Amino acid sequence: RKEVEQDPGPFNVPEGATVAFNCTYSNSASQSFFWYRQDCRKEPKLLMSVYSSGNEDGRFTAQLNRASQYISLLIRDSKLSDSATYLCVVPRDSSYKLIFGSGTRLLVRP
Amino acid sequence: EPEVTQTPSHQVTQMGQEVILRCVPISNHLYFYWYRQILGQKVEFLVSFYNNEISEKSEIFDDQFSVERPDGSNFTLKIRSTKLEDSAMYFCASSGEGATEAFFGQGTRLTVV
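In order, the protein sequences belong to chains S and H. Going by my numbering, the first sequence opens with residue 1, and the numbers climb by one from there. Going by my numbering, the second sequence opens with residue 1, and the numbers climb by one from there.
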């Protein structure tokens with residue numbers, strides 16, 4: 001099993017749609033999880049941190065299921081500007097190394 | 001808002017030449033990292049640096065690579081003899097106490113010809 005695995009997409013959705021991405025991780029000892037957003041040829045930017053069961057920030061909700069070792073990201077009321085690649089990131093336990101998933105590409109169309 | 005800054009934004013170099021990529025992490029951060037992303041591929045860890053020494057490095061980070069924090073603000077990545085396959089976007093990142101979220105610089109695009 002890969003350390004961090006994501007559906008590559010692309011997810012092609014109309015404006016206003018709700019879309020959800022899943023990410024699975026292999027290290028059951030992981031305590032923190034992150035979603036980053038990456039625009040084409042730009043740096044990853046932190047979108048959300050997840051330390052307990054979940055986190056919500058406006059239209060974005062992240063949920064953690066430790067038993068099944070997956071994290072989800074839900075985007076409600078999609079905007080054109082949400083088009084990007086969403087990276088699931090899990091720190092390797094006891095080190096300071098972030099393990100990146102391959103990313104899920106989202107395209108929001110008018 | 002504090003940010004990580006990297007220079008140059010783009011570097012073109014001939015195979016076999018040495019390059020130094022520069023980064024200024026966020027000022028009160030303690031942990032520093034270099035990552036790279038080959039075009040179309042995922043972001044890969046290279047090295048982490050804490051308390052003036054390397055805390056972890058990946059198998060990509062071989063003897064051709066080195067990092068340095070020459071003063072209180074800069075953090076550099078040196079590639080001694082570049083290869084074509086070193087062409088990638090190199091991202092510097094830093095994180096604060098507890099090594100939680102990492103914040104990334106805008107990257108240096110390295111092209112080896």
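Among the clues, some could well be false.
Stated by the list, open to error - Listed next, the in silico PhoX-like pairs over lysine-lysine satisfying Cα-Cα at most 25 angstroms (straight line):
no.	chain 1	residue 1	chain 2	residue 2
1	H	K83	S	K45
2	H	K42	H	K57
3	H	K57	S	K45
In case anyone wonders, no lab produced these hints; they're calculated from the structure. Since the structure is predicted, the reported quantities are computational estimates derived from the model, not experimental observations.
We went through each hint and held it up to the structure:
no. : hint            : verdict
1   : H/K83 <-> S/K45 : violated (29 angstroms)
2   : H/K42 <-> H/K57 : holds (17 angstroms)
3   : H/K57 <-> S/K45 : holds (22 angstroms)
Violated hint: 1 only; the structure is consistent with all others.
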